[in-house]
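Build the full structure now, drawing on both the sequences and the hints.
There are 2 protein chains.
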Amino acid sequence: MSKAIVLISGGMDSLLITAMAAKKFDELAAVFFNYGQKTLKKEKECFLKICDHYQIKNRKVIDLEELGKIGGSSLTDANIEVGVELDKKEIPLSYVPFRNTIFLSYAVSWAEVFKAQSIYIGAVLEDATGYPDCRPEYYEAFNHLISKGASHQVKVEAPIVFLSKQQIIKQCLELQAPLEYTWSCYQSVDKPCMKCDSCLLRKKAFDELSLHDPLLA
Amino acid sequence: MSKAIVLISGGMDSLLITAMAAKKFDELAAVFFNYGQKTLKKEKECFLKICDHYQIKNRKVIDLEELGKIGGSSLTDANIEVGVELDKKEIPLSYVPFRNTIFLSYAVSWAEVFKAQSIYIGAVLEDATGYPDCRPEYYEAFNHLISKGASHQVKVEAPIVFLSKQQIIKQCLELQAPLEYTWSCYQSVDKPCMKCDSCLLRKKAFDELSLHDPLLA
Numbered sequence: 001m002s003k004a005i006v007l008i009s010g011g012m013d014s015l016l017i018t019a020m021a022a023k024k025f026d027e028l029a030a031v032f033f034n035y036g037q038k039t040l041k042k043e044k045e046c047f048l049k050i051c052d053h054y055q056i057k058n059r060k061v062i063d064l065e066e067l068g069k070i071g072g073s074s075l076t077d078a079n080i081e082v083g084v085e086l087d088k089k090e091i092p093l094s095y096v097p098f099r100n101t102i103f104l105s106y107a108v109s110w111a112e113v114f115k116a117q118s119i120y121i122g123a124v125l126e127d128a129t130g131y132p133d134c135r136p137e138y139y140e141a142f143n144h145l146i147s148k149g150a151s152h153q154v155k156v157e158a159p160i161v162f163l164s165k166q167q168i169i170k171q172c173l174e175l176q177a178p179l180e181y182t183w184s185c186y187q188s189v190d191k192p193c194m195k196c197d198s199c200l201l202r203k204k205a206f207d208e209l210s211l212h213d214p215l216l217a
Numbered sequence: 218m219s220k221a222i223v224l225i226s227g228g229m230d231s232l233l234i235t236a237m238a239a240k241k242f243d244e245l246a247a248v249f250f251n252y253g254q255k256t257l258k259k260e261k262e263c264f265l266k267i268c269d270h271y272q273i274k275n276r277k278v279i280d281l282e283e284l285g286k287i288g289g290s291s292l293t294d295a296n297i298e299v300g301v302e303l304d305k306k307e308i309p310l311s312y313v314p315f316r317n318t319i320f321l322s323y324a325v326s327w328a329e330v331f332k333a334q335s336i337y338i339g340a341v342l343e344d345a346t347g348y349p350d351c352r353p354e355y356y357e358a359f360n361h362l363i364s365k366g367a368s369h370q371v372k373v374e375a376p377i378v379f380l381s382k383q384q385i386i387k388q389c390l391e392l393q394a395p396l397e398y399t400w401s402c403y404q405s406v407d408k409p410c411m412k413c414d415s416c417l418l419r420k421k422a423f424d425e426l427s428l429h430d431p432l433l434a
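Going down the list, the sequences are from chains A and B.
For the first sequence, the working numbering begins at 1 and goes up steadily by one.
For the second sequence, the working numbering begins at 218 and goes up steadily by one.
Warning: the hint list may mix true and false statements.
[Claimed, not checked] Mimicking DSBU-like on lysine-lysine, the simulated pairs with C-alpha atoms at most 35 Å apart in a straight line are:
| hint | chain 1 | residue 1 | chain 2 | residue 2 |
| --- | --- | --- | --- | --- |
| 1 | A | K148 | B | K365 |
| 2 | A | K3 | A | K57 |
| 3 | B | K365 | A | K24 |
| 4 | B | K277 | A | K42 |
| 5 | B | K420 | A | K148 |
| 6 | B | K258 | B | K220 |
The set of hints was computed from the structure by calculation and includes no laboratory data.
The structure is reproduced here in structure tokens:
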């Protein structure tokens, strides 16, 4: 029996990888991380809806609030404003230090007990060029670490790392994945702010496809 | 100013690396992890005493109880008994899946904000031959991961990885490190059980040095 663990943040990227994994594996487990993000409530709601939709019974909400307290990111630190940083070359303020490594390490720990062969993560290079932990070479290095440090061999896969936001939306539609159960905004939980990087990227992609975002009235 | 983050579990190994780091760096930060271990209370007490002794003001107790809930280890799972596994070649039951990677990832996250150049971990190869995440090649792989995935470059160092327990005790004494503030037993919090692997290794080392363990009456 093939098994995978899917990291679901509640965004479109994680929706797509869940849809892909649901087609490919016999059994899925899903994990969501609370790291003190400002939009926690909404993201967690989306996680649960996506799990329900794909009938994923093995679910964990992992509390990593201590990570938020370390600070250093606009996504968790009340003293750092969520900004527009799309065209900057530096590492964005929204970068949460080494976050993906902590997430993946937990997933590997669970995979050792759940006996999953794969871990799916919805990292995307295009919209995160400044995030060091979204690059393919980072995932290669992580898989090397697993080969050295884990008792059970599981592979981390970032199956949509080279896709554009447009391609992600198109593939979600092709797989009939429920885009209405996703959330992208970095700062609001009632309606998308349409000002942060994440809202702007989402809008641009829907506009270019001449499609209507189900989140917008 | 040179800075390091030290992972302190409250055992003799972490005491020694703290003593070493206190000599070498201008400023230290210390982190302790609660991962649902059975001897939490005692280990945390030792962590605090060691921090006080070395006047480390930057301290974090990170709550990773979710890691304990994943199970799979005799150190955290009430259904798995702490056993004697010293001479086994397999991975011991006390192995907590991918634990050190989660610990180190947190430390890297903090290091990015605290601007530490080094992270000290008291991994020891000899008494943990079966633990995949105590081997030198694991630390090489982790440093490679940092070079690919972190925004701030920090190096993980395992400065006592090749020492024996005897050498660790001797170096603690040379550095006047307070061995009475350490705890090694895997299952008791009042007095050492003298039955688990960790107690047996500690006793053997003190015996071979013809020294008296300050923890024993």
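Now for the hints, and whether the structure bears them out:
Our distance criterion of 35 Å between C-alpha atoms is met by K148/A and K365/B, whose separation comes to about 17 Å. Under the criterion of a C-alpha separation no larger than 35 Å, the hint pairing K3/A with K57/A is consistent with the structure, at around 13 Å. Taking the CA atoms of K365/B and K24/A, the gap is about 29 Å. The hint holds against a cut of 35 Å. Restraint check for K277/B and K42/A: satisfied, since their Cα atoms lie roughly 29 Å apart, inside the 35 Å limit.
Restraint check: the Cα-Cα separation between K420/B and K148/A comes to about 30 Å, which is no more than 35 Å; the hinted pair holds. Between the alpha carbons of K258/B and K220/B the distance comes to roughly 28 Å, so the proposed pair stays at or under 35 Å and holds.
When held up to the earlier numbered hints, the structure conflicts with none and fits them all.
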